[in-house]
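**Student:** In the UniProt record's numbering, the protein residues as written are 1 to 780.
Hints were generated in silico from the structure; no laboratory data involved.
Heads up, a few of these hints could be off.
Pairs of lysine to any residue, SDA-like flavour, derived with a Cα cap of 20 Å [as the list claims (entries may be wrong)]: (1) LYS56 x ARG736; (2) LYS98 x GLU46; (3) LYS491 x GLU400; (4) LYS15 x LYS53.
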Amino acid sequence: MATLGKPAANRNAMKQTSNKNIGCRVDVLRWSEEMDLLAIGTEKGEVILQRLKWQKVWQLLPPEEGLKVRGIAWRPGENLIAIGYSNGTILQLDIETKDVVHSFSVQSDISCMNWTDNGESDETANHTWNSIHQNHATFLPTLPVLSTLCSSTKPASYNPMDFCRKHILNVLLVGTVTGQLHLSALGMLPAGRVDVLAMAGLPPSTNARIHEAQMSFNFKQLVVALEQDTGLTVIVLENNLLHKYAGSLLNLSINYAQILSTMTYINDTIDCIVETWETVLLEMDKKLTQYADDHPGDSISADFLELLMFGTTSPGLEEFLLRDLSEKGLRRLGNSMDLCYATIQRLVVVPLYNAIYALFYHLNVLEGMLQNRIYYGALMIRTASQALRDCGAFQIKCFELQQTIDYSKRDFKIFFRWLCSVIVRLMDEPLQEHYPTITQQELTYLANFLAQFDDSYNSADTTVTEDSQRKLIGLRRKFNLERVGQYLEDKPLLHKADGSELNQWKQMLKENECFQNSPNVFPHREDHSLLQEQKRVKESIRLLFEQPSAALGGAFRPKNLLTLQQQTAPTANEAIRSFASCNHPVDNVTLVSIIQSSNSLLLVECYAEGGMKMVRLRFEDKPYFDQPIGTLSFRHAQFYNPDTLSLLLHTQPDGQAVAGGSYYLQLALGPIREILRSTELREGARTLTEETDGCRVLNAYTFIDECALKLLDGNDGHRIAVSGKRNVTAILSESRRNIRLYDMDAQDEEEEEEDDDRLENSSQLNSSLDNSQESIHQPQ
Numbered sequence: 001m002a003t004l005g006k007p008a009a010n011r012n013a014m015k016q017t018s019n020k021n022i023g024c025r026v027d028v029l030r031w032s033e034e035m036d037l038l039a040i041g042t043e044k045g046e047v048i049l050q051r052l053k054w055q056k057v058w059q060l061l062p063p064e065e066g067l068k069v070r071g072i073a074w075r076p077g078e079n080l081i082a083i084g085y086s087n088g089t090i091l092q093l094d095i096e097t098k099d100v101v102h103s104f105s106v107q108s109d110i111s112c113m114n115w116t117d118n119g120e121s122d123e124t125a126n127h128t129w130n131s132i133h134q135n136h137a138t139f140l141p142t143l144p145v146l147s148t149l150c151s152s153t154k155p156a157s158y159n160p161m162d163f164c165r166k167h168i169l170n171v172l173l174v175g176t177v178t179g180q181l182h183l184s185a186l187g188m189l190p191a192g193r194v195d196v197l198a199m200a201g202l203p204p205s206t207n208a209r210i211h212e213a214q215m216s217f218n219f220k221q222l223v224v225a226l227e228q229d230t231g232l233t234v235i236v237l238e239n240n241l242l243h244k245y246a247g248s249l250l251n252l253s254i255n256y257a258q259i260l261s262t263m264t265y266i267n268d269t270i271d272c273i274v275e276t277w278e279t280v281l282l283e284m285d286k287k288l289t290q291y292a293d294d295h296p297g298d299s300i301s302a303d304f305l306e307l308l309m310f311g312t313t314s315p316g317l318e319e320f321l322l323r324d325l326s327e328k329g330l331r332r333l334g335n336s337m338d339l340c341y342a343t344i345q346r347l348v349v350v351p352l353y354n355a356i357y358a359l360f361y362h363l364n365v366l367e368g369m370l371q372n373r374i375y376y377g378a379l380m381i382r383t384a385s386q387a388l389r390d391c392g393a394f395q396i397k398c399f400e401l402q403q404t405i406d407y408s409k410r411d412f413k414i415f416f417r418w419l420c421s422v423i424v425r426l427m428d429e430p431l432q433e434h435y436p437t438i439t440q441q442e443l444t445y446l447a448n449f450l451a452q453f454d455d456s457y458n459s460a461d462t463t464v465t466e467d468s469q470r471k472l473i474g475l476r477r478k479f480n481l482e483r484v485g486q487y488l489e490d491k492p493l494l495h496k497a498d499g500s501e502l503n504q505w506k507q508m509l510k511e512n513e514c515f516q517n518s519p520n521v522f523p524h525r526e527d528h529s530l531l532q533e534q535k536r537v538k539e540s541i542r543l544l545f546e547q548p549s550a551a552l553g554g555a556f557r558p559k560n561l562l563t564l565q566q567q568t569a570p571t572a573n574e575a576i577r578s579f580a581s582c583n584h585p586v587d588n589v590t591l592v593s594i595i596q597s598s599n600s601l602l603l604v605e606c607y608a609e610g611g612m613k614m615v616r617l618r619f620e621d622k623p624y625f626d627q628p629i630g631t632l633s634f635r636h637a638q639f640y641n642p643d644t645l646s647l648l649l650h651t652q653p654d655g656q657a658v659a660g661g662s663y664y665l666q667l668a669l670g671p672i673r674e675i676l677r678s679t680e681l682r683e684g685a686r687t688l689t690e691e692t693d694g695c696r697v698l699n700a701y702t703f704i705d706e707c708a709l710k711l712l713d714g715n716d717g718h719r720i721a722v723s724g725k726r727n728v729t730a731i732l733s734e735s736r737r738n739i740r741l742y743d744m745d746a747q748d749e750e751e752e753e754e755d756d757d758r759l760e761n762s763s764q765l766n767s768s769l770d771n772s773q774e775s776i777h778q779p780q
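Build the full structure now, drawing on both the sequences and the hints.
**Tutor:** Listed below in structure tokens is the structure:
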């Protein structure tokens with residue numbers, strides 16, 4: 001295990017803890033600030049989550065074949081990770097379970113991702129949502145685990161409070177290759193879209209991508225790096241609306257997260273219902289369809305009603321009952337359909353109905369919140385009344401589906417029992433004792449059921465010609481006795497619910513137009529299916545929560561602009577290598593580090609008032625070092641913490657053509673920022689070039705202690721990933737296949753020996769003092 005030298009300013013040493021060959025090229029590296037976890041995005045689109053000592057937590061394949069990982073961001077203070085892909089899809093996963101908590105798309109290739117929070121809990125939001133959460137637990141039933149009700153594998157928990165434990169507003173920033181920046185509060189609620197190209201005064205056709213973005217702690221200022229072919233543009237945007245209504249946005253985001261979680265549960269429940277319904281043996285529909293095709297001129301309802309009323313059958317119907325159905329087949333089919341109907345009814349009555357009730361509750365909470373126009377009016381003008389009406393209609397349709405299941409179970413039971421008795425009589429066999437008889441009421445139900453046979457044997461297209469209809473009758477016409485499945489399709493119902501015309505509530509609404517047109521009466525759309533009502537609810541919620549995004553996105557204003565231009569076309573070695581940013585919590589400034597070329601690093605301070613101060617570091621006038629290190633150049637940079645900049649440096653031996661090595665440096669920013677404070681404050685747009693920019697230039701060698709330079713094993717380094725909170729550094733090799741992990745808070749062997757010697761000497765000294773005191777107090 002290799003040990004590198006320690007910086008003079010810090011007794012802690014940098015010690016390599018592990019070395020891992022990934023096996024394929026690495027595109028993204030991100031440390032978690034909360035846990036010792038490293039997220040690795042590979043060129044194959046896979047994401048690997050590793051612990052510090054290379055214990056694999058899990059590995060995630062891309063959602064679609066051929067996708068690339070473009071960005072990874074850890075949600076501050078929570079066990080959530082966001083992964084962005086080349087098709088614009090963003091997945092948010094629970095670290096412990098690998099379940100997808102939320103997903104959305106920005107409809108464009110992603111270029112960067114960053115997650116920022118203000119680090120402070122909103123006391124008002126905390127109090128509000130603690131009381132709401134208590135009411136939620138009191139009045140709402142716990143949603144049952146779906147995996148216990150159906151065969152599909154579903155998440156065990158849909159509680160949004162599980163991934164929103166801290167009432168702290170955080171914003172996920174997603175940049176795209178088209179120059180668009182998307183903001184998402186809590187990674188859930190869309191909180192604005194910024195056209196950075198337009199803000200920078202560039203035409204839409206410009207080839208530019210978002211390189212990096214950083215939001216200030218108070219959410220008032222946004223620093224964005226826009227990368228172009230000719231250089232880099234750093235634009236500072238201001239948003240007073242987001243700053244002023246951060247608490248309101250937090251409350252809306254939590255409510256939106258709860259609604260999304262409930263809608264996800266509803267979607268999964270309906271998926272389980274559809275899967276269960278598809279397992280129903282629809283042999284009866286198929287067999288009746290074949291019988292109707294074999295007897296195109298006969299009325300199927302008349303044949304079965306004649307059998308019911310007079311007990312007589314045609315030769316074709318008798319052959320159909322004895323050969324195609326049989327008593328044993330009917331019993332098997334009846335048991336299968338009865339089991340499936342029972343499962344569907346259990347899914348509708350318990351999880352689906354309770355979830356719609358919970359959704360209605362959350363929308364009512366939102367409606368109550370939006371009555372406070374002072375606190376929420378700037379973000380949302382429209383209220384949730386339309387979403388509540390659509391949710392009420394969805395609930396009515398769910399109840400209608402439950403009634404349809406009851407009717408279908410009743411009718412099929414009577415139908416199968418009657419057919420079994422008919423088949424036994426046709427076979428001249430006696431009925432078993434205690435065979436259930438059919439009551440007069442059941443005969444009425446059976447007659448109505450048989451009368452629907454001709455309606456069930458329908459044509460899909462009634463506008464075709466008679467000749468075409470005769471030719472395609474076998475392809476376009478089929479029996480559809482089963483009434484539940486039509487509710488699970490995204491199209492109007494073919495058969496309305498039984499008994500709807502006898503509903504007293506409907507009769508009252510029909511007789512009183514004032515009630516029928518009242519916004520407080522939920523509509524009952526009789527021809528809509530359950531899936532159509534579900535789509536209406538989704539669309540209403542989407543339109544409702546588009547308002548904060550439009551309001552916040554339109555409130556961004558450019559405050560300052562800095563353009564870094566290349567004098568010549570950038571090459572692979574001279575192009576802008578890295579852009580790193582960090583919020584300083586004490587000084588309330590945003591620090592920006594830009595490696596403009598291999599010998600030019602620009603350090604910028606962006607102030608809350610909108611001004612900028614900057615200095616440039618170059619490697620000039622190299623001082624004498626005890627060990628020859630060659631000529632240094634900048635490779636990659638990241639902020640280790642607000643006061644330290646981690647640098648990956650490349651060295652080339654003086655006067656030699658052989659390949660050089662790589663050094664790692666922890667650069668203290670205090671002395672440089674002291675010089676920054678004395679420079680002139682830059683305001684307004686400014687263009688900088690490396691040769692003539694008027695920016696103060698500092699010799700980087702004067703800020704480097706020889707002991708602080710650590711030569712890396714393997715002599716190569718492509719980029720770094722650091723975490724000051726976890727005191728760890730990951731260095732990716734030039735081949736991008738090997739990763740070395742370093743513990744920045746470890747002691748080297750010499751220091752450990754010195755500490756052991758000091759402890760031993762201290763113990764001996766204490767022992768000597770004790771012996772001396774005993775001899776002094778010993779009686780003569």
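**Student:** Are the hints correct? Go through all of them and say.
**Tutor:** Checked hints:
1. Pair hint LYS56 plus ARG736 holds up; C-alpha atoms about 19 Å apart against a cutoff of 20 Å.
2. Restraint check: the Cα-Cα separation between LYS98 and GLU46 comes to about 13 Å, which is no more than 20 Å; the hinted pair holds.
3. Between LYS491 and GLU400, the direct Cα distance comes to roughly 16 Å. Compliance with the 20 Å bound is thereby established for this hinted pair.
4. A threshold of 20 Å between alpha carbons decides the hint, and for LYS15 with LYS53 the separation of about 13 Å falls inside it, so the pair holds.
Every hint from the earlier list agrees with this structure, and none is contradicted.
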